[in-house]
Amino acid sequence: MSHRQIVKPDQLDLESPGRRDYFVALEHDSIWGDHLIPLTVMVGPEAKAGEGLVVFGSNHGNEYEGPVVIRHLLSEIDIGRVRGRIILVPVLNPAAFRAGTRDSTLDDGVNLNRAFVDGAGLVPALGRITHRIARFVREAIWPHVHMVMDLHAGGEVGRFAQGTSFHPIDDPVQGKRIEETARWFGTPIVIVYQNETPGLLPSEAERLGKITIGSELGWGAAVSETGIRYGRHGVLAAAIRNGLLEGEIAPIAHHRDNTQLKAEMVDRACFTTTPVSGIFEPLIACGTRVSAGETVGLVHDFERIDAPAWPARAGVDGVVISQAWGARVRQGQHVVVTGRILDWLE
2 MSHRQIVKPD QLDLESPGRR DYFVALEHDS IWGDHLIPLT VMVGPEAKAG
52 EGLVVFGSNH GNEYEGPVVI RHLLSEIDIG RVRGRIILVP VLNPAAFRAG
102 TRDSTLDDGV NLNRAFVDGA GLVPALGRIT HRIARFVREA IWPHVHMVMD
152 LHAGGEVGRF AQGTSFHPID DPVQGKRIEE TARWFGTPIV IVYQNETPGL
202 LPSEAERLGK ITIGSELGWG AAVSETGIRY GRHGVLAAAI RNGLLEGEIA
252 PIAHHRDNTQ LKAEMVDRAC FTTTPVSGIF EPLIACGTRV SAGETVGLVH
302 DFERIDAPAW PARAGVDGVV ISQAWGARVR QGQHVVVTGR ILDWLE
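So the sequence shown is numbered by our numbering: it starts at 2 and just counts up by one.
Rather than coming from a laboratory, the hints here were simulated on the basis of the structure.
Since the model is a prediction, treat every value here as computed from it, not as a measurement.
Backbone N, C-alpha and C define an ideal beta-carbon position, used for all residues, glycine too.
Any given hint could be a false lead.
As the list claims (entries may be wrong) - Here are the simulated BS3-like cross-link-like pairs (lysine-lysine), alpha carbons at most 25 angstroms apart as the crow flies:
| # | residue 1 | residue 2 |
| --- | --- | --- |
| 1 | Lys177 | Lys211 |
| 2 | Lys9 | Lys49 |
| 3 | Lys263 | Lys177 |
| 4 | Lys49 | Lys177 |
| 5 | Lys49 | Lys263 |
| 6 | Lys263 | Lys211 |
Stated by the list, open to error - Derived DEER-like restraints, expressed as beta-carbon distance ranges:
| # | residue 1 | residue 2 | range |
| --- | --- | --- | --- |
| 7 | Ser76 | Pro309 | 35 to 43 angstroms |
| 8 | Gln195 | Pro252 | 22 to 30 angstroms |
| 9 | Glu226 | Leu343 | 44 to 52 angstroms |
| 10 | Ile250 | Arg72 | 33 to 41 angstroms |
| 11 | Gly244 | Leu346 | 17 to 25 angstroms |
| 12 | Ala308 | Pro144 | 56 to 64 angstroms |
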């Protein structure tokens, strides 16, 4: 039987020393009951107001490395070693997680990572479960943390060169801290991506000045063993290196070997869009360096069986960050994403 206490958001105690395990209850829209968000908080003797680390899994419901990473950390982090505040949320979006889909398909059909918009959870038009989760994060979590980790994977959308991610940051101090934190996961790539999409959780956290890390730790709605390793190490490194957790930690993998690449996928040229629907055939692996114009994949249109396949070409010199995961692709889909390689901040 679960030892977790079921509480409403305003009953959470994220301040008192010790460990507490909760299910946060948000009213269900269609049954007489609640969606339950698992949340564990660990508060040490040196915790400061407004400072701490929160780690989210399952912003999207079919991306599983984040929930598995956090499930491991729930048993691996000893409250006796915790100095500051650590908040672990393995399943932020139970509506989507239960459906096994990117969005909250069985409920309101909303993508939580587009739901951080004005009025979320406060006005009737934005009052169903996914927008109320955004409101919960804003009101209950943001005031207690200065570091945010939002662990994603490609789900059924894209295959990725595994990486951490963030947006271009105007504040040089915040940007340097974010980049350093992102590198400690050990992933082959650190991704700087466009910030034009409205309603992103990481965008809001960055705007609030928080050290914010996203990630793409796997793909295919599966669980990647390397993605789990990167995720666990990155979270622990952030906690230890920022004085929230006692311990020592050393770089791993591509960070240790100095083989990490920082790649920027910001402007439109980085995104290769197919003009036809069909079957996507990748020709090279994600993480491969390419030149602009190089054919990376082919889209085969089987309704025009004798026509040549459409060549999906790299839009810029750099490295292939992502490609379509499923074979079936639709007209207008970004089937290849290429990032320009950048220098590390000094």
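Verification of the hints:
1. A distance of roughly 12 angstroms separates the Cα atoms of Lys177 and Lys211; the hinted pair therefore holds under the 25 angstroms criterion.
2. The straight-line distance between the Cα atoms of Lys9 and Lys49 is roughly 24 angstroms, inside the 25 angstroms bound, and the hint therefore holds.
3. As the CA atoms of Lys263 and Lys177 are separated by approximately 13 angstroms, the hinted pair is consistent with the 25 angstroms bound.
4. Of the pairs offered as hints, the one joining Lys49 and Lys177 holds, with about 22 angstroms between alpha carbons and a cut-off of 25 angstroms not exceeded.
5. As the CA atoms of Lys49 and Lys263 are separated by approximately 33 angstroms, the hinted pair breaks the 25 angstroms bound.
6. This hinted pair checks out: Lys263 and Lys211 have alpha carbons roughly 20 angstroms apart, not beyond 25 angstroms.
7. Look at Ser76 against Pro309: about 54 angstroms separates their beta carbons, and that is not inside 35 to 43 angstroms.
8. Under the hint 22 to 30 angstroms, the C-beta atoms of Gln195 and Pro252, about 28 angstroms apart, fit the expected range.
9. The beta-carbon spacing between Glu226 and Leu343, approximately 29 angstroms, falls outside the hinted interval of 44 to 52 angstroms.
10. The hinted window of 33 to 41 angstroms between Ile250 and Arg72 is violated, with their beta carbons roughly 20 angstroms apart.
11. Our hint of 17 to 25 angstroms for Gly244 and Leu346 holds, since their Cβ atoms are close to 22 angstroms apart.
12. Range check, Ala308 to Pro144: Cβ separation about 58 angstroms, and the 56 to 64 angstroms hint holds.
Checked against the numbered hints listed earlier, the structure breaks hints 5, 7, 9, 10; every other hint is satisfied.
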